[in-house]
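Chemist: Work out the full structure, taking the sequences as your base and the hints as a guide.
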Amino acid sequence: MAPQLMQESVGSRKRLTQKIAFILFRFFSLSIVAILFAILFFIIKNGIGVINWDFLSKAPQEGMTSGGIFPAIVGTLCLVIGSCLFSFPIGIMSGIYMNEYAKNGKLISFIRIMTNNLSGVPSVVFGLFGMSLFVNFLGFGDSIIAGSLTLGLMSLPLVIRTTEEALKSIDNSFREGSLALGATQLETIRKVILPMALPNIITGLILSIGRVSGETAPILFTAVAYFLPQLPTSIFDQVMALPYHLYVISTSGTDIEASRGMAYGTALVLIFIVLILNLIANMIRKHFTDKNKI
Amino acid sequence: MYTIEAKNVNFFYGEFQALKNINLQVEKNNVVAFIGPSGCGKSTFLRLLNRMNDLIDGVRLEGEILFEGKDIYRKDVKVDELRKKVGMVFQKPNPFPKSIFENVAYGLRVNGIKDKTYIENRVEQSLRGAALWDEVKDKLKKSAFALSGGQQQRLCIARAMAMAPSVLLMDEPASALDPISTAKIEELIHELKEQYTIIIVTHNMQQASRISDKTAYFYLGKLIEFGDTRKIFTHPDHQSTQNYITGRFG
Amino acid sequence: MKRFIEYLVEGALKISGSITSITILLIIIFLFKEGSGLFKNPVVEEGYVLTVNRDNPVEHITSFQIKEIYDENITNWKELGGIDSPILVFRFGDLENYFSPEELGQEYENIPQCLNTLINREKNIIAFFPELYLPKDFSGKQIAKEKISPVDFFGGKEWYPTAQPAAQFGLIPLLLGTLWVSIGAILLALPFGISVAIYMAELASKQMRSILKPLIELLAGIPSVVFGFFGLVIIVPLVQKTFNLPVGETALSGSIVLAIMALPTIITVAEDALKNTPRAMKEASLALGATQWQTIYKVVIPYSISGITSAIVLGVGRAIGETMAVLMVTGNAAIIPHTLLEPVRTIPATIAAELGEAPSGGAHYQALFALGAILFLITLILSISVEYISNKKNK
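Residue numbers (my numbering), protein chains in the order written: chain W, 1 to 294; chain L, 1 to 250; chain D, 1 to 395.
Because the hints were derived from the structure by calculation, they are not lab data.
Note that CB positions come from ideal geometry on N, CA and C, so glycine has one too.
Treat the hints with caution; some may be incorrect.
Which chain W residues stay away from chain L? Per the calculated CB distances, all over 10 Å, these [stated by the list, open to error]:
no., residue
1, F41
2, I44
3, V74
4, C84
5, L85
6, G105
7, L138
8, G139
9, L158
10, Q185
11, P199
12, Y226
13, T251
14, F272
15, L279
16, T289
Derived lysine-lysine pairs resembling DSBU-like cross-links, with alpha carbons at most 30 Å apart [claimed, not checked]:
no., chain 1, residue 1, chain 2, residue 2
17, W, K19, D, K275
18, L, K222, L, K85
19, L, K141, L, K85
20, D, K298, L, K116
21, L, K28, L, K75
22, L, K75, D, K282
23, D, K147, D, K136
24, W, K14, L, K114
25, L, K141, L, K116
26, L, K184, L, K142
27, W, K14, L, K184
28, D, K14, W, K103
29, W, K106, D, K14
30, W, K14, D, K123
31, W, K14, D, K298
32, D, K282, L, K78
33, L, K28, D, K282
34, L, K92, L, K193
35, L, K75, W, K19
36, D, K136, D, K123
Modeler: Below, the structure written as structure tokens:
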């Protein structure tokens with residue numbers, strides 16, 4: 001009836017194409033893994049020798065060629081905590097509003113578009129904005145608070161989206177069940193919905209901490225200093241920060257070659273932070289998916 | 001030689017055994033209906049016949065399934081060749097987001113046919129065969145989604161026919177359709193019988209009794225009874241079959 | 001009471017909900033306010049004047065022409081629409097070549113007088129000096145008094161913010177630099193990203209996926225300075241050696257680093273899109289004897305093409321806005337690039353590198369904000385087009 005359909009050569013050609021395509025995909029996927037491991041391996045190999053207690057607990061010395069990165073660790077910690085204090089409550093509340101309360105479709109899609117737009121704004125633009133609003137207009141100067149608020153604004157879209165998605169994944173029957181028992185909407189959210197969504201929200205928040213701790217451009221003009229002899233004492237002080245520290249000692253230090261070791265060490269600490277946070281996030285995720293299975 | 005023959009087929013989804021020791025023979029140009037309550041394994045068995053279950057992770061098959069005397073699960077069998085000969089129509093109409101013409105031509109194109117006139121003829125033939133030609137001949141370039149549900153399902157039948165298969169597997173092809181469309185599909189199946197061996201899964205007892213030559217009753221993964229449709233619907237051997245047909249459960 | 005608290009909480013939630021919109025609004029206000037200040041600055045550096053002889057017919061002279069004159073690339077008035085005679089370039093420091101210290105006066109009190117004499121005497125002179133010394137009865141002609149125009153900014157081919165007498169704030173080289181690096185990055189990342197997305201969505205086993213997914217998440221989490229550092233010590237020397245270049249800090253190095261950084265975005269978004277293809281569609285294709293690969297490129301990819309496009313656009317957005325890594329590996333030469341093997345400077349890198357040195361409120365400072373506003377607009381357009389693409393799909 002259709003002799004052409006039975007041609008073996010056509011069949012073998014299309015199977016060969018498939019074979020080649022799939023081998024290519026596998027190769028590309030493995031090379032991504034290879035790139036990641038190359039970066040990790042390279043930084044760990046060169047950085048591990050630098051890491052010791054002194055490196056983590058002392059200030060830089062001799063024009064950043066020896067000593068440690070303690071002030072930068074403290075600075076990054078301050079900035080991260082500050083930004084989380086700002087972005088977590090507001091972001092979570094915003095996510096709850098969008099998923100649980102807002103009923104006007106137009107308003108919601110407007111807010112969602114704005115949130116998406118904000119997440120697309122480059123970090124350096126946040127830096128400019130933070131500088132003109134917090135540093136100059138509000139007069140905070142280069143300070144922990146200005147840097148934290150800038151970082152906080154930048155991480156808002158991620159926090160909001162995380163919350164929204166966690167809430168969205170909860171079946172409506174739980175809401176109806178609670179409301180049908182006479183609970184108010186707030187009680188339903190607080191006692192039923194939030195506890196169920198919490199693992200997913202926490203996972204997302206931990207990942208966002210990782211992002212914030214590595215950002216440089218937003219704090220460049222709002223918070224950081226090249227070198228400070230003492231630790232900050234108030235939220236209006238300037239700080240050193242790990243990512244900025246890595247940037248300056250690898251590009252514009254007094255003696256770039258001599259500070260390479262310090263740079264590797266700093267990069268390793270940064271990677272380590274991200275690694276640990278990702279690990280924790282994955283453990284939480286796994287823990288709760290396993291639990292939900294039973 | 002039977003067109004399709006299953007020998008001692010056991011099938012597992014992970015730990016769960018979905019089919020238990022199925023033995024069944026389908027003769028050429030027969031219409032066979034698979035009936036049984038939901039979850040009895042009839043659809044699973046149907047999907048074994050063109051190896052559609054290959055797509056699912058963690059499944060395991062024991063026993064043999066022969067198509068025209070050859071085991072279709074042997075290593076050297078090319079799945080795509082098999083599926084050209086054993087066509088399938090699904091429960092819900094699933095046309096591609098392409099034009100009506102391209103939907104029918106799809107199978108020909110993926111099998112390397114480039115001859116334009118041949119494709120055009122084949123598309124017309126198939127659409128005529130599926131009793132759809134008169135309704136769509138003026139809008140072949142239009143999206144398939146513009147058709148009604150029943151028309152879409154007949155388009156899917158035409159799409160399968162374009163490959164000139166010897167077997168058509170139909171997985172509840174009318175369950176998502178209104179009564180009039182259903183009647184059209186049944187009528188079509190009646191005509192297709194001349195050329196094809198048809199295996200149809202259905203929930204609808206009347207439908208099974210109207211269109212099929214033979215009926216297989218599945219229950220809890222077992223093939224309880226298989227025989228001439230008239231006999232199954234009048235004097236079934238098993239009480240369970242009797243109960244199901246008369247609507248005492250299911 | 002209970003109801004009152006409910007009401008209060010809902011209000012608080014509502015306010016939080018509007019925070020992103022307010023932020024966007026504030027960004028627009030602050031960036032555009034500072035940025036548009038650029039066009040209130042004079043072409044000639046603030047506090048200085050540029051003058052010519054009274055009889056010189058040249059009335060109008062652009063910022064770029066001023067720079068070309070002082071770089072001695074334009075040497076004849078004819079080129080500016082004047083008479084055919086060589087241009088005599090005068091900088092304030094040249095004053096002592098023309099006048100003795102006695103003539104200039106003990107306290108330099110005679111400088112305005114001397115300038116007046118000089119400009120009157122030399123028909124072909126163009127003189128640049130502090131406004132402070134502008135004679136009261138000046139008999140020459142002051143030119144280029146106008147403000148920096150949008151044409152100077154949007155059409156300017158040079159970025160040289162510290163040039164005297166006229167700083168150059170040309171967007172073109174930076175914009176091109178940004179585009180070159182980003183397009184290079186996307187071209188490199190695309191085959192990888194889409195392949196991995198297809199592999200993860202269609203081919204990989206469950207175990208393989210559960211390994212790849214967190215790895216890609218990890219790749220997304222690595223800070224951009226670390227990528228920059230990696231690029232600086234590995235990719236830059238590699239590029240230099242491979243192409244035998246004088247320096248390895250090139251657009252290509254930037255593209256490679258950016259490609260790696262854009263991968264996670266492209267992969268995740270494209271994978272989500274591919275996974276959205278209905279199972280029924282794939283089964284229909286396979287049941288017609290198509291191979292899995294034919295099913296992927298004839299059914300799955302066309303079905304998810306809008307999602308894949310979004311992935312690409314988002315990847316471009318990520319690449320265009322990336323700052324630190326690019327700053328560290330592209331060499332930062334503000335010239336219009338001709339090949340990928342030359343140093344370039346991108347818009348974000350320029351902002352990051354120069355804002356620290358630009359005096360607050362000055363023209364340079366405002367020009368950097370104008371760059372920020374441009375960058376913001378570009379990413380805004382990209383975000384909105386993603387929105388548009390995915391909305392179109394839903395209908």
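Chemist: Compare the structure with each hint and give your call.
Modeler: Against the structure, the hints:
no.	hint	in the structure
1	F41	holds (32 Å)
2	I44	holds (35 Å)
3	V74	holds (49 Å)
4	C84	holds (39 Å)
5	L85	holds (44 Å)
6	G105	holds (25 Å)
7	L138	holds (53 Å)
8	G139	holds (58 Å)
9	L158	holds (32 Å)
10	Q185	holds (37 Å)
11	P199	holds (25 Å)
12	Y226	holds (55 Å)
13	T251	holds (49 Å)
14	F272	holds (35 Å)
15	L279	holds (27 Å)
16	T289	holds (17 Å)
17	W:K19 / D:K275	holds (21 Å)
18	L:K222 / L:K85	holds (27 Å)
19	L:K141 / L:K85	holds (27 Å)
20	D:K298 / L:K116	holds (19 Å)
21	L:K28 / L:K75	holds (25 Å)
22	L:K75 / D:K282	holds (23 Å)
23	D:K147 / D:K136	holds (23 Å)
24	W:K14 / L:K114	holds (14 Å)
25	L:K141 / L:K116	holds (15 Å)
26	L:K184 / L:K142	holds (22 Å)
27	W:K14 / L:K184	violated (37 Å)
28	D:K14 / W:K103	holds (11 Å)
29	W:K106 / D:K14	holds (15 Å)
30	W:K14 / D:K123	violated (81 Å)
31	W:K14 / D:K298	holds (13 Å)
32	D:K282 / L:K78	holds (18 Å)
33	L:K28 / D:K282	holds (29 Å)
34	L:K92 / L:K193	holds (22 Å)
35	L:K75 / W:K19	holds (16 Å)
36	D:K136 / D:K123	holds (20 Å)
The earlier numbered hints that this structure contradicts are 27, 30.
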